[in-house]
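Protein chains: 2
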Amino acid sequence: MTDTPPAFILVRPQMGENIGAAARSMLNFGLDHMRVVAPRDGWPNERAVALASGAGRVLDAAMLAQDTGAAVGDCSFVFATTARDRDLTKPVYSPEAAMAEARARGLRGERVAILFGPERTGLENDDIALANAIVSVPTNPAFASLNLAQCVLLIAYEWRRACAAQVPVSTAMAGTEWATQAEVSALSEHFERTLDTAGFFWPEGKAPAMKRHLRNLWSRLPLTRADVQTFHGMMRQMVRWKERG
Amino acid sequence: MTDTPPAFILVRPQMGENIGAAARSMLNFGLDHMRVVAPRDGWPNERAVALASGAGRVLDAAMLAQDTGAAVGDCSFVFATTARDRDLTKPVYSPEAAMAEARARGLRGERVAILFGPERTGLENDDIALANAIVSVPTNPAFASLNLAQCVLLIAYEWRRACAAQVPVSTAMAGTEWATQAEVSALSEHFERTLDTAGFFWPEGKAPAMKRHLRNLWSRLPLTRADVQTFHGMMRQMVRWKERG
Numbered sequence: 015m016t017d018t019p020p021a022f023i024l025v026r027p028q029m030g031e032n033i034g035a036a037a038r039s040m041l042n043f044g045l046d047h048m049r050v051v052a053p054r055d056g057w058p059n060e061r062a063v064a065l066a067s068g069a070g071r072v073l074d075a076a077m078l079a080q081d082t083g084a085a086v087g088d089c090s091f092v093f094a095t096t097a098r099d100r101d102l103t104k105p106v107y108s109p110e111a112a113m114a115e116a117r118a119r120g121l122r123g124e125r126v127a128i129l130f131g132p133e134r135t136g137l138e139n140d141d142i143a144l145a146n147a148i149v150s151v152p153t154n155p156a157f158a159s160l161n162l163a164q165c166v167l168l169i170a171y172e173w174r175r176a177c178a179a180q181v182p183v184s185t186a187m188a189g190t191e192w193a194t195q196a197e198v199s200a201l202s203e204h205f206e207r208t209l210d211t212a213g214f215f216w217p218e219g220k221a222p223a224m225k226r227h228l229r230n231l232w233s234r235l236p237l238t239r240a241d242v243q244t245f246h247g248m249m250r251q252m253v254r255w256k257e258r259g
Numbered sequence: 015m016t017d018t019p020p021a022f023i024l025v026r027p028q029m030g031e032n033i034g035a036a037a038r039s040m041l042n043f044g045l046d047h048m049r050v051v052a053p054r055d056g057w058p059n060e061r062a063v064a065l066a067s068g069a070g071r072v073l074d075a076a077m078l079a080q081d082t083g084a085a086v087g088d089c090s091f092v093f094a095t096t097a098r099d100r101d102l103t104k105p106v107y108s109p110e111a112a113m114a115e116a117r118a119r120g121l122r123g124e125r126v127a128i129l130f131g132p133e134r135t136g137l138e139n140d141d142i143a144l145a146n147a148i149v150s151v152p153t154n155p156a157f158a159s160l161n162l163a164q165c166v167l168l169i170a171y172e173w174r175r176a177c178a179a180q181v182p183v184s185t186a187m188a189g190t191e192w193a194t195q196a197e198v199s200a201l202s203e204h205f206e207r208t209l210d211t212a213g214f215f216w217p218e219g220k221a222p223a224m225k226r227h228l229r230n231l232w233s234r235l236p237l238t239r240a241d242v243q244t245f246h247g248m249m250r251q252m253v254r255w256k257e258r259g
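Chains as they are written, first to last, in our numbering: chain A, 15 to 259; chain B, 15 to 259.
Bound-form chain A, shown alone (with noise of 0.2 Å):
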C-alpha cells in the first residue's frame, strides 16, 4: 500500500487569486493532490495560475469536477471544513484530530478528501452531508472568518504535523556544539582565579556566597563551545589590558 495523501477539494471557489493561493498553501506544506468543483470563471482559471507563482503545477493536476460527489467518488473518508454551526448531526474534529485521522488512513493507501466552501457562503448543507465529519478551525468567536486560503494554509499544516509527529525540537547550533561539564567548570575556575585577583569577591565574609552563586550561574546557562572561548578571551582580553598598564 502507497502513501496516499490527502485530496483538497475546493468547492465552487469564485476568485482565481484564491484558488491560486491555495494551490501555494498547499504546497508549502507537501500537498499537491487538489480537485476543484464548478469553479465560477471556469477551468483553467488564468488570475489562479498568475497567483499560484511556483504552486502551477498542483493546479495543471487539479481534477475538475462537476459536483460534490463527484469528486468524493473515490475517497474513503470526507472531511467538511466550517466555522457555523450546522443542523447536522456529525463528530467535529478539530484541524489536528483531523489531520492525524486523515495521515492514519492515507498510509493505510486510502484516500481522504477534505472539502472547502466557497468564499462568500461555504458549504452548502448538501456538500457537508457527503461528509463523514466535520473539521472546524477554533477561531474567536468575536471575529471568527477565515478565507479559503487561510482555512487551506491552516489544515495543510496540521497535515504537516502530523506526518513528523515526533519532530524534535532542534537547535540551530551554527557550527558549534554545546560545551561539556568540564569545560565549563574550565571557564568558571578561569573567571573565578581572575576575579579573586582583581578584588571582585569583596567583602571577604561574602565571598564564599558569591562565587556559588557565579558557579551556579554559569552551570546554568547554555553555553557552546563557542561561547566559552568567548569568554576566555573576553577575560584574558581584560588581562591582558591591565597588564599593559
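Bear in mind the hints are in silico, worked out from the structure with no lab data behind them. Hints may be right or wrong, so weigh each one.
Where chains are identical, the list cannot tell them apart; a pair therefore holds if satisfied intra-copy or between any two copies.
Below, in silico cross-link-like pairs of lysine-lysine (DSSO-like), each with a Cα-Cα straight-line distance of 30 Å or less [what the hints assert, rightly or not]:
| # | residue 1 | residue 2 |
| --- | --- | --- |
| 1 | Lys256 | Lys220 |
| 2 | Lys225 | Lys256 |
| 3 | Lys220 | Lys104 |
| 4 | Lys104 | Lys256 |
| 5 | Lys225 | Lys104 |
Chain A is already provided as a structure; the job is to place chain B on it using the hints.
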C-alpha cells in the same frame, strides 16, 4: 499577575495589505497587541486599515517603534520567525512549542514578543540577535516561502491552541525574575564598550561580526536580573582593577 498576551511585532513591513491581513489573522485567534517597527510607507497606513476590515482596532492600538530594540524593550522573551538557516546559535522552536512557552510566560505576567520580518527579505541578523529564540514553521523545503500574513496566521493559530491546552505554570525563580530585553541590551552594551576600550575586537575587519556574535550570545542566555547585576559587577571590577594600575 495578569495574563499578558504576546506582542506580534512587524519589523519594517512593506505592504499595507499585509499589515491589514496580519491584524485580521491576529484577531481571528483572539490576539490584539501589535507593534510596528519602521513601516516602509509610514503610519497610519490607509491600505492596512482598508484590508483590516473589522480588525481595525488592532491597528489603532498598535505601538509604533523606530527600531527593533525599542520595540522589544519591555519584553522578557523574544522569538524571531525565520525560515532560512542562520549562522547564529539559538534554540529553534516549532510554532507549537514557541506558543506553549509564550503562553506559560504570559500567564506569569511576562510580555513575550514575536518578531516578523519584512516581506521580501525576512528579518536581518541584527534583529535576530535581539531574540532569545527562533520560531520556524516546518514548511516543504522545496517550496518554503510563506508570506507575512500567513506566518502571522499560523503563529496566532498556535497561540490559541496553546491557550486551549492546560499549560502548567512553573516557577522556581529564587527571589528574582527574568531580566527584560532592555536590561540585557544595557549589559550587552556595557560589555561591548568596555571590551572595545580593552582592544578585544581585533582585527578591526572582524569587529562587526564579533560584536554581533556577542550580542547574540547575551540575548540567547536565560539571564535573571540578579545575573545581569553580577555580570555588570564583574566588568566594573575588572576596570577598577586596571585603573588601580
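Hints, one by one, checked against the model:
With identical chains, the CA atoms of Lys256 and Lys220 are at most 30 Å apart both within one copy (25 Å) and between copies (23 Å). Taking CA atoms no more than 30 Å apart as the test, Lys225 paired with Lys256 passes in both settings, with 23 Å inside one copy and 21 Å between copies. In this assembly of identical chains, Lys220 and Lys104 lie within 30 Å of each other by CA distance solely inside one copy; the values are 21 Å within and 35 Å between copies. When the C-alpha separation of Lys104 and Lys256 is checked against a cutoff of 30 Å, the pair qualifies neither within a copy, at 34 Å, nor between copies, at 33 Å.
Taking the shortest alpha-carbon separations for Lys225 and Lys104, both the intra-copy value of 16 Å and the inter-copy value of 28 Å come in at or below 30 Å.
In the structure shown, a violation is registered for the earlier hint numbered 4 alone.
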